[in-house]
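K.L.:
For the protein sequence lines, the chains are A and B, in the order given.
The numbering of the first sequence is the numbering used here, which starts it at 84 and goes up by one.
The numbering of the second sequence is the numbering used here, which starts it at 62 and goes up by one.
Hint data in this document are derived by calculation from the structure and do not stem from the laboratory.
Careful, some of the hints might be misleading.
Said to hold, decoys possible - Pair ranges (Cβ atoms, derived):
id: 1; chain 1: B; residue 1: LYS118; chain 2: A; residue 2: THR88; range: 21 to 31 Å
id: 2; chain 1: B; residue 1: GLU78; chain 2: A; residue 2: PRO148; range: 33 to 43 Å
id: 3; chain 1: B; residue 1: ASP87; chain 2: A; residue 2: SER92; range: 28 to 38 Å
id: 4; chain 1: B; residue 1: LEU102; chain 2: A; residue 2: GLN99; range: 21 to 31 Å
id: 5; chain 1: B; residue 1: LYS132; chain 2: A; residue 2: SER164; range: 34 to 44 Å
id: 6; chain 1: B; residue 1: PHE81; chain 2: A; residue 2: GLN99; range: 38 to 48 Å
As the list claims (entries may be wrong) - Calculated cross-link-like contacts (lysine-lysine; reagent style BS3-like; alpha-carbon spacing at most 30 Å):
id: 7; chain 1: A; residue 1: LYS181; chain 2: B; residue 2: LYS116
id: 8; chain 1: A; residue 1: LYS181; chain 2: B; residue 2: LYS118
id: 9; chain 1: B; residue 1: LYS79; chain 2: B; residue 2: LYS131
id: 10; chain 1: B; residue 1: LYS118; chain 2: A; residue 2: LYS86
To be verified - Stretch by stretch, here's where chain B covers chain A in the computed footprint (C-beta under 8 Å, at least three residues):
id: 11; region: 128 to 141
id: 12; region: 184 to 194
Note that the structure is a prediction, hence the values are computed from the model and not measured.
Think of the CB as a built atom: it goes at the ideal place given N, C-alpha and C, for glycine as much as any other residue.
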Amino acid sequence: LAKTTQPISMDSYEGQEVNITCSHNNIATNDYITWYQQFPSQGPRFIIQGYKTKVTNEVASLFIPADRKSSTLSLPRVSLSDTAVYYCLVGGRGNTDKLIFGTGTRLQVFP
Amino acid sequence: DVKVTQSSRYLVKRTGEKVFLECVQDMDHENMFWYRQDPGLGLRLIYFSYDVKMKEKGDIPEGYSVSREKKERFSLILESASTNQTSMYLCASSFPVGGPEAFFGQGTRLTVV
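Work out the full structure, taking the sequences as your base and the hints as a guide.
P.N.:
Okay, here's the thing in structure tokens:
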């Protein structure tokens, strides 16, 4: 599985757009990019997944450049409740694929 | 609604005890996972199962074993609990096809004294 690298932490203010970038230089052809969100004392929760270009849902957008060696999770107009740890995962859709989490990015949103 | 249920939210055990952590999912998922989470270390995969009676070691399997006798249930076993196994344990499940979208339980905070 491709290894991922993310910033350890980020700070933002309410109402701002937050972009968290993940590097995955050795991503494989059949790998997808998936982001999870985790609040304290809870399990991670799926946010968004993509393969290439751009994906958008009601929570976030995911931007993936043509070479797919990185991806950016974009959170529009964050609020205090978006304070959490965000994990980027890279992997395929095979039935023996393990889900390997890194240390994630701790986002702190201030009033 | 999707549900992954872990048997205990908090657990306190003594050193040397055999500890069972149970996880049940109601989504008919083939894949199930056990992780532990410690401050500053993120989630680390202990064991993974992709079918009944099938298992694979994760990154940190030492001191742990697992059991998957039924599709919906995945048990993590600490054969002889030690203080360095004090941690938050998280169970997850997912379909094998359709992307690595996993659903997590609420976690079990285990303290070994």
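K.L.:
Can you tell me whether the CB distance of LYS132/B to SER164/A sits inside 34 to 44 Å?
P.N.:
Because 35 Å falls inside the window, the suggested range holds.
K.L.:
Starting from the hint 33 to 43 Å, judge whether the C-beta atoms of GLU78/B and PRO148/A obey it.
P.N.:
violated, 51 Å
K.L.:
Compare the distance between the alpha carbons of LYS79/B and LYS131/B with 30 Å, and conclude whether the hinted pair is satisfied.
P.N.:
holds, 21 Å
K.L.:
Please check whether the region 128 to 141 of chain A has three or more residues whose CB lies within less than 8 Å of a CB on chain B.
P.N.:
Holds, because 3 residues of the region 128 to 141 of chain A bring their Cβ atoms closer than 8 Å to Cβ atoms of chain B.
K.L.:
Take the C-alpha atoms of LYS181/A and LYS118/B, compute the straight-line distance between them, and say whether it is at most 30 Å.
P.N.:
holds, 10 Å
K.L.:
Counting residues of the region 184 to 194 of chain A whose CB is closer than 8 Å to a CB in chain B, do you get three or more?
P.N.:
holds (count 4)
K.L.:
For the hint 21 to 31 Å, verify it against the beta carbon of LEU102/B and that of GLN99/A.
P.N.:
holds, 29 Å
K.L.:
Honestly, do PHE81/B and GLN99/A meet the 38 to 48 Å range at C-beta?
P.N.:
holds, 46 Å
K.L.:
Between LYS181/A and LYS116/B, does the CA-CA distance stay at or below 30 Å?
P.N.:
Holds, because 11 Å separates the two Cα atoms, which is no more than 30 Å.
K.L.:
Does the Cβ-Cβ separation between LYS118/B and THR88/A fall within 21 to 31 Å?
P.N.:
Roughly 24 Å apart at Cβ, these two residues keep to the hinted range, so it holds.
K.L.:
Note whether the CB distance of ASP87/B and SER92/A lies within 28 to 38 Å or breaks it.
P.N.:
Check passed, 36 Å falls within 28 to 38 Å.
K.L.:
LYS118/B and LYS86/A: Cα distance at most 30 Å?
P.N.:
holds, 18 Å
Of the numbered hints listed earlier, the single one contradicted by the structure is hint 2.
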